[in-house]
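First to last, the sequence lines map onto chains A and B.
0 is the number of the first residue of the first sequence in numbering that gives the first Met the number 0; add one for each residue after it.
0 is the number of the first residue of the second sequence in numbering that gives the first Met the number 0; add one for each residue after it.
Careful: at least some of the hints might be erroneous.
To be verified - Computed list of lysine-lysine pairs in DSSO-like fashion (alpha-carbon distance at most 30 angstroms, straight line):
| hint | chain 1 | residue 1 | chain 2 | residue 2 |
| --- | --- | --- | --- | --- |
| 1 | B | Lys143 | A | Lys223 |
| 2 | A | Lys186 | B | Lys111 |
| 3 | A | Lys250 | B | Lys161 |
| 4 | B | Lys177 | B | Lys111 |
| 5 | A | Lys187 | B | Lys98 |
| 6 | A | Lys250 | B | Lys98 |
| 7 | A | Lys259 | A | Lys187 |
| 8 | B | Lys196 | A | Lys250 |
| 9 | B | Lys196 | A | Lys126 |
| 10 | B | Lys177 | A | Lys190 |
| 11 | A | Lys346 | A | Lys157 |
| 12 | B | Lys98 | A | Lys202 |
| 13 | A | Lys219 | B | Lys111 |
| 14 | A | Lys223 | B | Lys111 |
| 15 | A | Lys157 | B | Lys98 |
| 16 | A | Lys346 | A | Lys190 |
| 17 | A | Lys169 | A | Lys190 |
| 18 | A | Lys169 | B | Lys98 |
| 19 | B | Lys214 | B | Lys98 |
| 20 | A | Lys219 | B | Lys163 |
| 21 | B | Lys177 | A | Lys187 |
| 22 | A | Lys186 | B | Lys98 |
| 23 | A | Lys223 | B | Lys98 |
| 24 | A | Lys236 | A | Lys157 |
| 25 | B | Lys177 | A | Lys126 |
| 26 | B | Lys196 | A | Lys190 |
| 27 | A | Lys169 | A | Lys187 |
| 28 | A | Lys202 | B | Lys111 |
| 29 | A | Lys238 | B | Lys98 |
Unchecked claim - Quick partial rundown of chain B residues pointing at chain A, CB under 8 angstroms, derived from the structure:
| hint | residue |
| --- | --- |
| 30 | Glu28 |
| 31 | Glu33 |
| 32 | Glu34 |
| 33 | Val39 |
| 34 | Glu96 |
As the list claims (entries may be wrong) - The following residues of chain B were derived to be distant from chain A, with all beta-carbon distances above 10 angstroms:
| hint | residue |
| --- | --- |
| 35 | Thr27 |
| 36 | Leu29 |
| 37 | Gln31 |
| 38 | Asp38 |
| 39 | Pro40 |
| 40 | Tyr115 |
Because the hints were derived from the structure by calculation, they are not lab data.
Small disclaimer: the values here were computed from a predicted structure and weren't measured.
All C-beta atoms, glycine included, are put in the ideal place defined by N, C-alpha and C.
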Amino acid sequence: MKFKKKISKNRFVQFFASIKLTVICLFLLYILTFWGTVAQIQYGLYQAQNQFFHSLFFLVFGFIPFPGAQLVMWVLFVNLICVALTRFIYYSWRQIGILIIHAGLLLFLISGYVTLHSSHESYLNLKEGQASNVSAAYHDWEIAIWESSPQEDPLVNKNHVTAFDVSGLKPDQVIPIKHLDLQLTVKKFYKNCEAYTGDQSNKILSASGIGRLEPTELLKEPEKNTPGGIFQFNINKNKVLDVILYGGEAKPFSFQGEGKTYNVILRLKRYPLPFTLKLVDFKKEEHPGTDMARTYQSLVEILMDHAKREKLISMNDPLRYTDYTFYQSSFSIDKMGNESSVLAVVKNRGRLLPYISTFVTFLGLVIHFVTMAIRSRKD
Amino acid sequence: MTYYLKYYYRLFICLGMLNFLLGSGNATELRQYEEVFIDVPQKHKMADSDPHAFMGKMPQDDIHSNLNLGDKDLQAQLNQSVAPGALNWVTPNNWLEKKETSGMRLASFMNKDTAYPIETTIVSLAGKAGGVSANVTRWMQQIKLAVPSMEELENFVNQQEKLKTQTGADVILIDLTKWQKETEAQAPSMIAAIIEKEDSQIFVKMTGSRESVIKNKDSLRSLVLSIQEAGSQK
Numbered sequence: 000m001k002f003k004k005k006i007s008k009n010r011f012v013q014f015f016a017s018i019k020l021t022v023i024c025l026f027l028l029y030i031l032t033f034w035g036t037v038a039q040i041q042y043g044l045y046q047a048q049n050q051f052f053h054s055l056f057f058l059v060f061g062f063i064p065f066p067g068a069q070l071v072m073w074v075l076f077v078n079l080i081c082v083a084l085t086r087f088i089y090y091s092w093r094q095i096g097i098l099i100i101h102a103g104l105l106l107f108l109i110s111g112y113v114t115l116h117s118s119h120e121s122y123l124n125l126k127e128g129q130a131s132n133v134s135a136a137y138h139d140w141e142i143a144i145w146e147s148s149p150q151e152d153p154l155v156n157k158n159h160v161t162a163f164d165v166s167g168l169k170p171d172q173v174i175p176i177k178h179l180d181l182q183l184t185v186k187k188f189y190k191n192c193e194a195y196t197g198d199q200s201n202k203i204l205s206a207s208g209i210g211r212l213e214p215t216e217l218l219k220e221p222e223k224n225t226p227g228g229i230f231q232f233n234i235n236k237n238k239v240l241d242v243i244l245y246g247g248e249a250k251p252f253s254f255q256g257e258g259k260t261y262n263v264i265l266r267l268k269r270y271p272l273p274f275t276l277k278l279v280d281f282k283k284e285e286h287p288g289t290d291m292a293r294t295y296q297s298l299v300e301i302l303m304d305h306a307k308r309e310k311l312i313s314m315n316d317p318l319r320y321t322d323y324t325f326y327q328s329s330f331s332i333d334k335m336g337n338e339s340s341v342l343a344v345v346k347n348r349g350r351l352l353p354y355i356s357t358f359v360t361f362l363g364l365v366i367h368f369v370t371m372a373i374r375s376r377k378d
Numbered sequence: 000m001t002y003y004l005k006y007y008y009r010l011f012i013c014l015g016m017l018n019f020l021l022g023s024g025n026a027t028e029l030r031q032y033e034e035v036f037i038d039v040p041q042k043h044k045m046a047d048s049d050p051h052a053f054m055g056k057m058p059q060d061d062i063h064s065n066l067n068l069g070d071k072d073l074q075a076q077l078n079q080s081v082a083p084g085a086l087n088w089v090t091p092n093n094w095l096e097k098k099e100t101s102g103m104r105l106a107s108f109m110n111k112d113t114a115y116p117i118e119t120t121i122v123s124l125a126g127k128a129g130g131v132s133a134n135v136t137r138w139m140q141q142i143k144l145a146v147p148s149m150e151e152l153e154n155f156v157n158q159q160e161k162l163k164t165q166t167g168a169d170v171i172l173i174d175l176t177k178w179q180k181e182t183e184a185q186a187p188s189m190i191a192a193i194i195e196k197e198d199s200q201i202f203v204k205m206t207g208s209r210e211s212v213i214k215n216k217d218s219l220r221s222l223v224l225s226i227q228e229a230g231s232q233k
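Next comes chain A alone, as it looks inside the complex (with noise of 0.2 angstroms):
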């Protein structure tokens, strides 16, 4: 009682534990997935997520700010625990459903933070026969340098790989590399362009033969746009070199430096996998008659410390393996006839929490509904 007493004098926890803050909350959340339900309609899904749904605030005509969702919920999270600390502060067993109910929203509340913030989306492109430790984000974008070292199959590629996201480099950004004795200037970045081949008199090197980059409006669907731009490398202090970087190009820039060579190359994000797949059958079954596929899916061989086991992967069984989960995604065969499997990986330290808290609302639930039912016989 004391600590109830005390507790609701403070005026932090009086403010936040205010019904009406709940009541408008609420409303908010309701106005934000409408409007952002509708706003992808003209900004795409990807962007309409961000604005909305995974900001805490944005703007409005380009000047009024207006809460984002994440802000909201934040607000609420701490109104759900102000509203538990003083209005059910007494614990007793009448109140027992309602303190679980809460809980169970709290933990609503904390799964999205988690899933927000630590799972991420990529794939896995594998012709048979093929087996790799990474997988690939969808529209995020890293530039990656390693060393060339020596290599004893020609058909194993293994690479210590050093990278950084792509997404807030600025011009005349530096970005040192100390353990490889680089340095990297960004001289130019654009988020979208156009690459051009041309005269070569302006000593830019390039991979591909690229001349020059022309930007581009960024596109509402970002896996349409392809990033690129001209990084200056300094090796060791002693070497300069202008390099273009374009995220269309396959092969990555090799260039010598202090008895080194490095290569360098701006590509779609790598998540580094648990262990590394391999993909060792894909299998198509068709639609009769037609050349529609009506079921795929990829025998896979997972390589982990010298130990190896076979899961099928179907479009409706998944491959589960701690917070990763390897969904059959679609499938490609290329000019060649090779087959390949296109795999969807979904990290999500939080997978289970949306479970738990679905049933502890759901015990909540019964609990209250249960001791209201005997409180009712009682009277």
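Chain A is fixed; fit chain B onto it per the hints.
Here is chain B on its own, set in the frame of chain A:
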């Protein structure tokens, strides 16, 4: 109600600004990881006429058993020589080549003279890809030209310029500007070339206004004649 709305609205904005200030900062974080990729020897569907088609039937004797796919240089040579769709060309001096990242286009070009803008694309398709008349009909529809009768169309196709590339492949140059009046200088138009190869067709299509494509016709012709398969000799 208005009082509460204003109060809570200010609170939201303050919390948001606070988090924005605390969260700002642009340190580029370096990540390090081990990347492993295991490739497989390339599988090819070779035409019987391909000199390498016999490889699958090679006797495993002392002479031929050394030609294994573990030899990186040999593998690279084989890949280059039998890869369909690997083409080389010479970009005309007054054009710029734009690097293509995906899709069916092998390359696209634009001219440096922005007063007469054009776009040219190179696409390679396996098989006969519909035939010349069918493609001409489709292209005419793309630039909003009335499609003539089959007889007129066949006469038109027969009158088009016939060429040969450096490697002896047959080329037909389809000039659709002939269907337009001289007064329609700014009307969308097209000149395209179809290169017939044994098991594929290469389409080189130039689009722009009528006066622009006419001005760039010689450049298109030089590009088309320079197209050859990678590794082939002149």
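Going down the list of hints, with the structure as the test:
Simply put, Lys143 (chain B) and Lys223 (chain A) have alpha-carbon atoms about 29 angstroms apart, close enough for the 30 angstroms limit, and the pair holds. Taken as a hint, the Lys186 (chain A) and Lys111 (chain B) pair is honoured in the structure, with Cα atoms around 25 angstroms apart against an allowance of 30 angstroms. Distance restraint check for Lys250 (chain A) and Lys161 (chain B): the Cα-Cα separation of roughly 38 angstroms exceeds the 30 angstroms cut-off, and the hinted pair is therefore not satisfied. For the proposed pair Lys177 (chain B) and Lys111 (chain B), the alpha carbon gap of about 25 angstroms is at most 30 angstroms, so the pair holds.
Only pairs whose Cα atoms come within 30 angstroms are accepted, and Lys187 (chain A) paired with Lys98 (chain B) is accepted, the gap being roughly 19 angstroms. In summary, the hint linking Lys250 (chain A) to Lys98 (chain B) is supported, as the alpha carbons are separated by about 13 angstroms, within the 30 angstroms threshold. A C-alpha spacing of about 26 angstroms is found between Lys259 (chain A) and Lys187 (chain A), which places the hinted pair at or below 30 angstroms, so the restraint holds. At roughly 29 angstroms between alpha-carbon atoms, Lys196 (chain B) and Lys250 (chain A) fall within 30 angstroms of each other, so this suggested pair holds.
The straight-line distance between the Cα atoms of Lys196 (chain B) and Lys126 (chain A) is roughly 28 angstroms, inside the 30 angstroms bound, and the hint therefore holds. As the CA atoms of Lys177 (chain B) and Lys190 (chain A) are separated by approximately 42 angstroms, the hinted pair breaks the 30 angstroms bound. A C-alpha spacing of about 23 angstroms is found between Lys346 (chain A) and Lys157 (chain A), which places the hinted pair at or below 30 angstroms, so the restraint holds. For the given pair, Lys98 (chain B) sits about 19 angstroms from Lys202 (chain A) by alpha-carbon distance, which is consistent with the 30 angstroms threshold.
A hinted pair counts as satisfied when its Cα atoms are at most 30 angstroms apart, and Lys219 (chain A) with Lys111 (chain B) qualifies at roughly 29 angstroms. For the hint linking Lys223 (chain A) to Lys111 (chain B), the alpha-carbon distance of about 25 angstroms falls within 30 angstroms, and the restraint holds. Restraint check for Lys157 (chain A) and Lys98 (chain B): satisfied, since their Cα atoms lie roughly 28 angstroms apart, inside the 30 angstroms limit. Under the criterion of a C-alpha separation no larger than 30 angstroms, the hint pairing Lys346 (chain A) with Lys190 (chain A) is consistent with the structure, at around 26 angstroms.
Using a Cα cut-off of 30 angstroms, the hinted pair Lys169 (chain A) and Lys190 (chain A) holds, with the two alpha carbons roughly 11 angstroms apart. Only pairs whose Cα atoms come within 30 angstroms are accepted, and Lys169 (chain A) paired with Lys98 (chain B) is accepted, the gap being roughly 24 angstroms. Between Lys214 (chain B) and Lys98 (chain B), the direct Cα distance comes to roughly 24 angstroms. Compliance with the 30 angstroms bound is thereby established for this hinted pair. The straight-line distance between the Cα atoms of Lys219 (chain A) and Lys163 (chain B) is roughly 44 angstroms, outside the 30 angstroms bound, and the hint therefore fails.
With a C-alpha separation of about 45 angstroms, the suggested pairing of Lys177 (chain B) with Lys187 (chain A) is violated against the 30 angstroms cut-off. About 21 angstroms separates the Cα atoms of Lys186 (chain A) and Lys98 (chain B), which keeps this hinted pair within 30 angstroms; it holds. For the hint linking Lys223 (chain A) to Lys98 (chain B), the alpha-carbon distance of about 15 angstroms falls within 30 angstroms, and the restraint holds. A hinted pair counts as satisfied when its Cα atoms are at most 30 angstroms apart, and Lys236 (chain A) with Lys157 (chain A) qualifies at roughly 28 angstroms.
Between Lys177 (chain B) and Lys126 (chain A) the alpha-carbon distance is near 48 angstroms, which puts this suggested pair outside the 30 angstroms criterion. The hinted pair formed by Lys196 (chain B) and Lys190 (chain A) fails the criterion: a straight-line CA distance of about 39 angstroms is larger than 30 angstroms. Distance restraint check for Lys169 (chain A) and Lys187 (chain A): the Cα-Cα separation of roughly 8 angstroms lies within the 30 angstroms cut-off, and the hinted pair is therefore satisfied. A distance of roughly 20 angstroms separates the Cα atoms of Lys202 (chain A) and Lys111 (chain B); the hinted pair therefore holds under the 30 angstroms criterion.
The suggested pairing of Lys238 (chain A) with Lys98 (chain B) holds, with an alpha-carbon distance near 29 angstroms, which does not exceed 30 angstroms. A least Cβ separation of about 6 angstroms between Glu28 (chain B) and chain A falls short of the 8 angstroms threshold, and the interface hint therefore holds. For Glu33 (chain B), the suggested interface contact is upheld, since its CB lies about 6 angstroms from the closest CB of chain A, less than 8 angstroms. Checking Glu34 (chain B) against chain A: minimum C-beta separation of about 5 angstroms stays under 8 angstroms; hint holds.
Restraint check, Val39 (chain B) versus chain A: the minimum CB separation of about 4 angstroms is within 8 angstroms; hint holds. Interface hint at Glu96 (chain B): satisfied, since its Cβ lies 4 angstroms from the closest Cβ of chain A, which is below the 8 angstroms cut-off. Interface exclusion of Thr27 (chain B) from chain A breaks down, the closest Cβ pair being 5 angstroms apart, not more than 10 angstroms. Taking the minimum C-beta to C-beta distance to chain A, about 5 angstroms, the non-interface status of Leu29 (chain B) is violated against the 10 angstroms cut.
Its closest Cβ contact with chain A, about 5 angstroms, brings Gln31 (chain B) to no more than 10 angstroms, contrary to its assignment away from the interface. For Asp38 (chain B), the requirement that its beta carbon stay farther than 10 angstroms from each beta carbon of chain A is not met, with the minimum near 5 angstroms. The claim that Pro40 (chain B) lies off the interface is violated: its Cβ sits roughly 7 angstroms from the closest Cβ of chain A, which falls inside the 10 angstroms cut-off. At roughly 18 angstroms, the least C-beta separation between Tyr115 (chain B) and chain A is larger than 10 angstroms, which holds for a residue marked as non-interface.
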